[in-house]
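Residue numbers (numbering that gives the first Met the number 0), protein chains in the order written: chain A, 0 to 347; chain B, 0 to 258.
It should be emphasised that the hints constitute simulated quantities derived from the structure, not laboratory data. From a predicted model like this one, the values you see are computed outputs, not experimental measurements. Do not take every clue at face value.
To be verified - Subject to a maximum C-alpha distance of 27 Å in a straight line, what follows is the list of computed DSS-like cross-link-like pairs (lysine-lysine):
(1) Lys123(A) with Lys79(B)
(2) Lys248(B) with Lys70(B)
(3) Lys123(A) with Lys76(B)
Said to hold, decoys possible - Now the in silico label distances, taken between C-beta atoms and shown as ranges:
(4) Asp71(B) with Phe151(A): 57 to 67 Å
(5) Asp71(B) with His22(A): 48 to 58 Å
(6) Trp23(A) with Ile131(B): 13 to 23 Å
(7) Leu38(A) with Tyr159(B): 50 to 60 Å
(8) Glu138(B) with Ser304(A): 15 to 25 Å
(9) Gly124(A) with Lys152(B): 42 to 52 Å
(10) Met125(A) with Asn188(B): 34 to 44 Å
(11) Leu143(B) with Leu38(A): 50 to 60 Å
(12) Tyr34(A) with Tyr159(B): 33 to 43 Å
Yeah, the Cβ is synthetic: ideal placement off N, Cα and C, and Gly gets one too.
Letter by letter, the chains look like this.
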Amino acid sequence: MRPCGIFDRNYGQDMAIIRTWQHWASLLGALVILYLFPLFGSYYLVSFINLAAISVIAVLGLQIVSGYCGQISFGQAAFMAVGAYTSSVLTTHFGVSFWLALPLSGVVAGAVGAIGGAPSLRIKGMYLAMATIAIHFVLIWLVLHLEITGSFKGLYPPSPTLGGFEFDTDEKMFYIIVSVMLIMTYCARNLVRTRVGRAFVAIRDNDLAGEVMGINLYYYKLLAFFISCFYAGIAGSLWAHLITVVNAEQFTLLHALEFVGMLIIGGMGSIPGVFFGVLFIKILNELVLFTSPVLAGAFPWLGSSPAAAMGLIAFGLAVSIFLIFEPRGLAHRWEIFKASYRLYPFAN
Amino acid sequence: MLGIDPHSIIEIRKLSLRFGGLQVLHEIDLDVNAEEVLAVIGPNGAGKTSLFNCINGFYHPYEGEIIYEGKDLTRLKPHKIAEMGIARTFQNIELFSGLTALENLMAARHILMRRGALAGSLFFGPAKSEEIAHRGQVEEIIDLLEMESIRKKVVASLPYGQRKRVDLARALCMEPSVLLLDEPMAGMNVEEKEDMARFVLDIHELKKIPIVLVEHDMDVVMDICSRVAVLDFGIKIAEGRPSEIRADKRVIKAYLGED
Ligand SMILES: Nc1ncnc2c1ncn2[C@@H]1O[C@H](COP(=O)(O)OP(=O)(O)OP(=O)(O)O)[C@@H](O)[C@H]1O
Ligand SMILES: [Mg+2]
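With the hints as constraints, model all of the structure from the sequences given.
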């Protein structure tokens, strides 16, 4: 948000995301409120934010590979599973500390993602989407059939501890999850506005011209998948240690679809859009959850799990409406609002 | 030839390119000399763009070779050739449409910048100072090509003439040692053409690099080029000074009525 009459005096200022002291003050204020939130917020809201923040991390990753680099992926839920299982295996079987298992989950998921992203070197669009769906099923099949991942029984990773302090409630986990999310948002925002981020967008917008600018398509596509799946892995690890039980049913293709839906509704190629998209879908899901008992009475044909059926209908409807009426997502609305704020009070 | 000893930067030898049964280029021999503005002309479909596509690695000829400063680049990938210092523009403007003009130019600094994903994510420190340094150099090119008013505009929203200019600026931002321009003035009005011709001469003056120019407008070619090569159906039919080319019978025949 940049008010009228603020001008830059050097390139550093021109690049700054946070420009005025008012920005810094409101950012600081928001952070203080956020970090004090578990003290006064309800349990319901705290766990809502936890789950939303984990989704934000996963969708940030998807934003990098799909929104910025233009490589569509339906594998994000499976890559999240890779992170969740890596973290669980490391902490339960090998006694590795959560604080080490967390980044390692990112790296392992990233490496698996870079291999999984290899089809993108040959195929694009629809075909790549199909290939990533196949990768989803291969990965889920693997965790179901491997001894070390506890096959269908799953694993029970412990809560993180730090010097005797155990992060064993949602309120305590809130601090880890939200902090990691903030750091990962900061990194993603910077990544996309510097050299590597521009290389990603170059591949998305015009891969041939990108090559002529000296961008190695193979390397940067795989790098995009690596980074994207690193994010998914971190999200998976946080999920595992928040829920403290991991099994294959938590990572369905439906979750991957939901991540893509969040991306579309929030807006492709925008970091704030990730937040808009995740909040939109998460709030939509909650609304469905509250209203479904009523609706189930009115529409008995919804069957035995009305919330699930209604959720799917609402999700599909929301995504379709955005694709038709605002394909650039909520982020585009936000940009329009910012631009008019910048011109205020001289707006047209 | 020109009398003075020309030092050639690119040597194209017996270059032949075929698509299925279609012979697009046939045994082309052509040198690009240091500090010259070389025009490549010829009727539609003569193979001019294909020649550029061979030089920058999009197409691989089945015969012949392209030697650039002593190195064979016939089989290299486009991004390798870009790293070696060959930049080009496109007949149909191939910009990064979702980025602003400024970001397009910064994207072209890719090979000149070093910082990877990690430094970029953290931003403060090396990545930031690199961004600022390159921004300064990009701004010089923005000044040179008079693009100040469009720097923050998303290129998809720019009119045709200005997109052509961004395309040229982007190639220049790679700090190339050879510049290949594929019809930079096509589809422009007289005023825009004059601007573009002036820019090409300014760039040539300032950077002292050879420029290869595909152009249909013979008046422009006469004005700004020191040498001309003529292609027709994939064969080089003439090469020489602009005035010689204008009088050449085969060239007149190839262009029959066009100029
Ligand atoms: N990728 C390709 N596949 C098949 N044929 C091609 C390909 N690229 C070029 N050609 C053919 O090669 C011939 C030369 O094309 P090219 O684009 O090089 O001509 P040009 O001299 O640039 O023409 P113009 O003045 O219209 O730009 C044409 O007949 C074209 O159809
Ligand atoms: Mg052409």
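Here is what the structure says about each hint:
1. A hinted pair counts as satisfied when its Cα atoms are at most 27 Å apart, and Lys123(A) with Lys79(B) qualifies at roughly 23 Å.
2. Restraint check for Lys248(B) and Lys70(B): not satisfied, since their Cα atoms lie roughly 36 Å apart, outside the 27 Å limit.
3. The suggested pairing of Lys123(A) with Lys76(B) holds, with an alpha-carbon distance near 20 Å, which does not exceed 27 Å.
4. Restraint check, Asp71(B) to Phe151(A): a C-beta distance of roughly 58 Å satisfies the suggested window 57 to 67 Å.
5. With their beta carbons about 54 Å apart, Asp71(B) and His22(A) fall inside the hinted range of 48 to 58 Å.
6. Between Trp23(A) and Ile131(B) the beta carbons are some 21 Å apart, a value that agrees with the proposed interval 13 to 23 Å.
7. Checking the proposed 50 to 60 Å range against Leu38(A) and Tyr159(B) shows it holds: the Cβ atoms sit about 59 Å from each other.
8. For the hinted restraint 15 to 25 Å between Glu138(B) and Ser304(A), the CB-CB distance of approximately 60 Å leaves it violated.
9. Distance hint check for Gly124(A) and Lys152(B): the Cβ-Cβ separation is about 28 Å, which falls outside the suggested range of 42 to 52 Å.
10. Distance hint check for Met125(A) and Asn188(B): the Cβ-Cβ separation is about 41 Å, which falls inside the suggested range of 34 to 44 Å.
11. Separated by about 58 Å at the C-beta atoms, Leu143(B) and Leu38(A) satisfy the suggested range of 50 to 60 Å.
12. With their beta carbons about 52 Å apart, Tyr34(A) and Tyr159(B) fall outside the hinted range of 33 to 43 Å.
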